[in-house]
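Work out the full structure: start from the sequences and follow the hints.
Below, each chain spelled out in residue letters.
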Amino acid sequence: MPLYRSHVLVCGGTGCTSGGSDRIYDAFLKEIEAQNLKDEVQVIRTGCFGLCAEGPIVIVYPEGAFYSKVADSDVKEIVEEHLLKGRIVKRLLYKESIEEGQIKSLNEVKFYKKQMRIALRNCGVINPENIEEYIAYDGYKALAKVLTEMTPEQVIDWVKRSGLRGRGGGGFPTGLKWEFAAKAPGDVKYVVCNADEGDPGAYMDRSILEGDPHSVIEAMAIAGYAIGSKQGYVYVRAEYPLAVKRLEVAIEQARQYGLLGKNILGTNFEFDIEIRLGAGAFVCGEETALMTSIEGHRGEPRPRPPFPAVKGLWGKPTLLNNVETYANIPVIILKGPEWFASIGTEKSKGTKVFALVGKVNNTGLIEVPMGTTVREIVEDIGGGIPGGKKFKAVQTGGPSGGCIPASLMDTPIDFDSLTALGTMMGSGGMIVMDEDTCMVDIAKFFLEFTVDESCGKCPPCRIGTRRMLEILQKITSGNGTEEDLEKLEELAYSIKDSALCGLGQTAPNPVLSTLRYFRDEYEAHVKEKRCPAGACKALLRIVIDKELCKGCGICAKNCPANAITGQIKKPFEIDQSKCIKCGVCIEKCPFKAISKKA
Amino acid sequence: MIKSIQELEEIRKKALEELEFRKQHGEGIRIVVGMATCGIAAGARPVMLKFVEEIQKRNLKNVTVVQTGCIGLCKYEPIVEVYEPNKEKVTYVKMTPEKVLKVVAEHLVNGKPVYEYTIGYEENKEANN
Ligand SMILES: Cc1cc2nc3c(=O)[nH]c(=O)nc-3n(C[C@H](O)[C@H](O)[C@H](O)COP(=O)(O)O)c2cc1C
Ligand code: SF4
Ligand code: SF4
Ligand code: SF4
Ligand code: FES
Ligand code: FES
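Protein chains in written order, with full-length UniProt numbering: chain A, 1 to 598; chain B, 1 to 129.
In case anyone wonders, no lab produced these hints; they're calculated from the structure.
Bear in mind that the values here come from a model prediction, so they are computed numbers and not experimental data.
Hints should not be assumed to be uniformly reliable.
To be verified - Okay, the calculated beta carbon distance ranges per label pair:
hint	chain 1	residue 1	chain 2	residue 2	range
1	B	Leu16	A	Lys537	56 to 62 angstroms
2	A	Ala34	B	Lys57	23 to 29 angstroms
3	A	Ala341	B	Val109	44 to 50 angstroms
What the hints assert, rightly or not - 35 angstroms max Cα-Cα, derived DSBU-like pairs, lysine-lysine:
hint	chain 1	residue 1	chain 2	residue 2
4	A	Lys38	B	Lys87
5	A	Lys114	B	Lys61
6	B	Lys61	A	Lys38
7	A	Lys95	B	Lys57
8	B	Lys14	B	Lys50
9	B	Lys14	A	Lys90
10	A	Lys104	B	Lys3
11	A	Lys245	B	Lys89
12	B	Lys94	A	Lys262
13	B	Lys14	A	Lys245
14	B	Lys87	A	Lys113
15	B	Lys112	A	Lys110
16	A	Lys38	B	Lys89
17	B	Lys13	A	Lys141
18	B	Lys125	A	Lys38
19	A	Lys570	A	Lys557
20	A	Lys38	B	Lys3
21	A	Lys183	A	Lys496
22	A	Lys160	B	Lys50
23	A	Lys335	B	Lys14
24	A	Lys38	B	Lys57
25	A	Lys141	B	Lys57
26	A	Lys30	B	Lys57
27	B	Lys57	B	Lys89
28	B	Lys87	A	Lys90
29	B	Lys75	A	Lys76
30	A	Lys557	A	Lys578
31	A	Lys104	B	Lys87
32	A	Lys38	A	Lys335
33	A	Lys90	B	Lys94
34	B	Lys3	A	Lys90
35	A	Lys230	A	Lys347
36	A	Lys113	B	Lys50
37	B	Lys87	A	Lys114
38	A	Lys114	B	Lys13
Idealized CB from N, CA, C, for every residue including glycine.
Spelled out as C-alpha cells, the structure:
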C-alpha cells in the first residue's frame, strides 16, 4: 500500500449522504486531482461518525481536523488551504473541537465523551469497502481465535458469560439462544441476521452494515462455528441500497481472502453467507415472519413455539440475531467475557446504540454503556433541547414502546428499568420531545404506523388497533368523551392479551404509556377540548387581543376563510367556526395582536 | 487467500501501518513543514514530498508529516520542525530535498539531530559574519 501523507475521511453514512456527502466526496477527488495531490492524499468514504446533525462531516488526518456542515463549495478551500498549504480552515471546524486555537481530539468533544463505542467501534474509522482496514483493527482475529483455540462449547460459554442480550428488542440472553441452536438435533442448521429494522426513526443497524459490514460477517461465521452451521443469511430491507451494496462487497472480499467459503483460515471449517432482500414490511422483522419471507412466502408470523432454534428456516434449527447483537461478538471473543460483563448494569451488560432524533441539538447515532441516564443522553450527549424549550419526554422502543417523562430523567437505561417504566429498549430508536409535542398526537402517530403495518392475520390486531386509532382521532379532533378514554384502555389490554405476534401484542404500548404519564393531557383534550401543547390543530383557537388590535383590517383582507370581521379602527374579531387555523393572520398582523391559544 | 493465522497477522500489521497515522496527535514523531505562500515559493513542497517518500522507503512507523502555515521566519524558508515526544523541538531551515535525506537518516533513524541544518547553527553563522 502506498503511503499517503494525508487522509481525508468523508462520512458516507445515512445522514451525511442525504446532506450531499457523495457530491463532496466526488468534489474532493476532482479537486485533489486538479491540484496534483493524488499521490499524496487519500480520500476515503467511511460510515457514520455519529454527529449526523452536524453533517456532512469530513475529517482530515493526521491533524484530525473535524469539519462539519461541509458544502460542495467548501471543498476547494479545504484542498487549497489545508491540503496544499497546511492552513486549517477554521470557519468549517466543528465549534466544540477547537479550544484555544488547538484541535481537540474527537474523544474529548462532549458528544463523544460519555460514549463508548463497541458495536460502532469501526464506524467512521475505517473504509468499509476495504477488508484490509477491517483486518488492521483486529478484524477476523476473533474468528481465527475460535477456529484454532476454542471448542464450539467454549465459544457459547463465553457468549453466555459475557451477559450479552439481544439488541433487536426483546433482550433475550444471546448465549442461551446459541446453546439452544447448538443442542437442537439436526445436521443442517442456519445462522440468520435480522437487518430488517422497521422502527420509524431508527437507523442503527443500517449504520453498522454501511460502516462496518465485516464485523457482522465475522460474527455470523463465529456463530456458525459455535452451533454447527455452514450457511448464513442476512435479511435486509431493499430500501437500504447502500447497506446492501457494502454487504455484497464485504462478502465478496471475505470470500476472496478465504474468510468465507471452504477451509476457512486453513481449517476444516466451512461457512458462507447470502443476502436476502425484504420488501420493507415492519412485520417481517418479527422472527417467524422473517424466516417465512426468506423461504419465499408472504412474511406472516406463525405461533411460537416451536422456536426458531428448534424449527426455523425450512424446518431446520436456526439461530437468529440482530445486527448489533452480532457486531458485539468479535470484541467479546477478543477481550473476553469478563471485560464485556464489567460494562453496563447488573442485568444488562455492554453498551447500546441509539438513534437519537427529535427535539435535541445533536441528533445522531450514539453508543452508551447500559445504565447511562436519560439526562446524560439528552443533556450531555444530545446537547439539550433547541430553542430554549423545555424537555418533556423521550420515546423509546418505537411502536412497541412508550415514553419516559422528564420527571424520570435520571432513570438509568437498561432492559429491565425500561420495562418497569412501561416502555422498552426496542432496537434503539430514541425520540426526544419538547413542550410543543402533544402526547396524544404521538400515540396516534405510532398507532397509525401499526394499523398500516398489521399483517391482518389475526382480528385483535387488524380490527382492534384500528378501533383504537379511531378513538384517538376523535380525541385529537375535539370530539372525544370520557367514555372514550375508558374504551381506549380496555381495548389496549385486550389486544395485548390476544394478538398472535409481537406486533399486535405491543401495539397498544404507546397509548398505555402516554396514558400512564400524561393522562392530564388526554383529559384536557376530552373535558376542556384543549390541547395543552398546542399541537392538535383542531383544538387550537386563533384569537385577537383587543388591547393590541389597532383595527387596520390587514388580517381580514388576508384571511383565506373570511373568518375575520370588524370595523376599521375598532378591534377585529375571529369567527371560530369559520377559522381553518392556517395562521396567516398571525403573520400578517403588523401589531402582533393575533396569537394561538391552546 | 489467507491460509493461516500467521498470514492474517501479516496483513494486519501491514495495513495497520498505514492507518496508524489516523490516530490523532499520535505519540510518535511529527514533522511539520511550513507551507505558507513564501514556504511554497522557496520550495517547501518538494521537501515535504521527500520526507513522505523517505519515510515510506525506510518503513518508519510512528512518523507523521504535517503542514503548517506561516512560521514567521520567511528568510529561512523552507522551514521544517521536528517534534519528538518529551524532547525539544528541532527547527531545520533552508531545507532542500537533499538535506531531507540526511535528516531522515541521522535524526529520525539514529536519533541525532543534524545540527548544521538547524536554525541555531544558521543564526550563529550570521552573527559571526
Ligand atoms: C413486529 C416485530 C418487528 C421486529 N422487528 C425487528 C427488527 O427490525 N430487527 C430486529 O433485529 N428484530 C426485530 N424484532 C425482534 C425479532 O423478532 C427477534 O426477536 C430478534 O431479531 C432476535 O435477535 P436478538 O436476540 O439479537 O435481539 C421484531 C419483532 C417484532 C414482534
Ligand atoms: S398481531 Fe398483527 S401483525 Fe401479528 S400476526 Fe396478528 S395481525 Fe399480523
Ligand atoms: S388563522 Fe387563517 S383562517 Fe383563521 S382567522 Fe387567521 S387567517 Fe383566517
Ligand atoms: S391586522 Fe392586527 S391590528 Fe390590524 S385589524 Fe387585524 S388584528 Fe387588528
Ligand atoms: S451520517 Fe455522517 S455523521 Fe452520521
Ligand atoms: S510565510 Fe513563510 S515564514 Fe511567514
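Do the hints match the structure? See the list:
A C-beta distance of roughly 58 angstroms is found between Leu16/B and Lys537/A, which places it inside the suggested range of 56 to 62 angstroms. The hinted window of 23 to 29 angstroms between Ala34/A and Lys57/B holds, with their beta carbons roughly 28 angstroms apart. Taken as a hint, the range 44 to 50 angstroms holds for the pair Ala341/A and Val109/B, whose Cβ atoms sit roughly 45 angstroms apart. This hinted pair checks out: Lys38/A and Lys87/B have alpha carbons roughly 34 angstroms apart, not beyond 35 angstroms.
For the proposed pair Lys114/A and Lys61/B, the alpha carbon gap of about 31 angstroms is at most 35 angstroms, so the pair holds. A threshold of 35 angstroms between alpha carbons decides the hint, and for Lys61/B with Lys38/A the separation of about 22 angstroms falls inside it, so the pair holds. Restraint check for Lys95/A and Lys57/B: not satisfied, since their Cα atoms lie roughly 38 angstroms apart, outside the 35 angstroms limit. A C-alpha spacing of about 22 angstroms is found between Lys14/B and Lys50/B, which places the hinted pair at or below 35 angstroms, so the restraint holds.
With a C-alpha separation of about 34 angstroms, the suggested pair Lys14/B and Lys90/A falls inside the 35 angstroms cut-off, and the hint holds. Our distance criterion of 35 angstroms between C-alpha atoms is broken by Lys104/A and Lys3/B, whose separation comes to about 42 angstroms. Of the supplied pair hints, the one linking Lys245/A and Lys89/B is violated, its CA atoms being roughly 47 angstroms apart against a limit of 35 angstroms. Note on Lys94/B and Lys262/A: the hinted pairing is violated, with a Cα-Cα distance of about 59 angstroms set against a maximum of 35 angstroms.
Taking the CA atoms of Lys14/B and Lys245/A, the gap is near 26 angstroms; set against the 35 angstroms cutoff, the hint holds. A hinted pair counts as satisfied when its Cα atoms are at most 35 angstroms apart, and Lys87/B with Lys113/A qualifies at roughly 30 angstroms. For the given pair, Lys112/B sits about 41 angstroms from Lys110/A by alpha-carbon distance, which is inconsistent with the 35 angstroms threshold. Between Lys38/A and Lys89/B the CA atoms are separated by roughly 30 angstroms; this keeps the pair inside 35 angstroms, and the hint holds.
Restraint check: the Cα-Cα separation between Lys13/B and Lys141/A comes to about 12 angstroms, which is no more than 35 angstroms; the hinted pair holds. Our distance criterion of 35 angstroms between C-alpha atoms is broken by Lys125/B and Lys38/A, whose separation comes to about 40 angstroms. For the proposed pair Lys570/A and Lys557/A, the alpha carbon gap of about 15 angstroms is at most 35 angstroms, so the pair holds. The suggested pairing of Lys38/A with Lys3/B holds, with an alpha-carbon distance near 34 angstroms, which does not exceed 35 angstroms.
Taking the CA atoms of Lys183/A and Lys496/A, the gap is near 32 angstroms; set against the 35 angstroms cutoff, the hint holds. Proximity of Lys160/A to Lys50/B is assessed by CA-CA distance (about 54 angstroms); at most 35 angstroms being required, the pair is judged violated. For the hint linking Lys335/A to Lys14/B, the alpha-carbon distance of about 22 angstroms falls within 35 angstroms, and the restraint holds. Restraint check: the Cα-Cα separation between Lys38/A and Lys57/B comes to about 19 angstroms, which is no more than 35 angstroms; the hinted pair holds.
Taken as a hint, the Lys141/A and Lys57/B pair is honoured in the structure, with Cα atoms around 29 angstroms apart against an allowance of 35 angstroms. A threshold of 35 angstroms between alpha carbons decides the hint, and for Lys30/A with Lys57/B the separation of about 28 angstroms falls inside it, so the pair holds. With a C-alpha separation of about 24 angstroms, the suggested pairing of Lys57/B with Lys89/B holds against the 35 angstroms cut-off. Among the hinted pairs, Lys87/B with Lys90/A is consistent with the structure: their alpha-carbon atoms are about 29 angstroms apart, no more than 35 angstroms.
A threshold of 35 angstroms between alpha carbons decides the hint, and for Lys75/B with Lys76/A the separation of about 29 angstroms falls inside it, so the pair holds. Between Lys557/A and Lys578/A the alpha-carbon distance is near 15 angstroms, which keeps this suggested pair within the 35 angstroms criterion. Pair hint Lys104/A plus Lys87/B holds up; C-alpha atoms about 22 angstroms apart against a cutoff of 35 angstroms. Proximity of Lys38/A to Lys335/A is assessed by CA-CA distance (about 39 angstroms); at most 35 angstroms being required, the pair is judged violated.
Note on Lys90/A and Lys94/B: the hinted pairing holds, with a Cα-Cα distance of about 28 angstroms set against a maximum of 35 angstroms. Only pairs whose Cα atoms come within 35 angstroms are accepted, and Lys3/B paired with Lys90/A is rejected, the gap being roughly 48 angstroms. About 32 angstroms separates the Cα atoms of Lys230/A and Lys347/A, which keeps this hinted pair within 35 angstroms; it holds. The hinted pair formed by Lys113/A and Lys50/B fails the criterion: a straight-line CA distance of about 38 angstroms is larger than 35 angstroms.
Only pairs whose Cα atoms come within 35 angstroms are accepted, and Lys87/B paired with Lys114/A is accepted, the gap being roughly 33 angstroms. Restraint check for Lys114/A and Lys13/B: the C-alpha separation of about 31 angstroms stays at or below 35 angstroms, so the hint holds.
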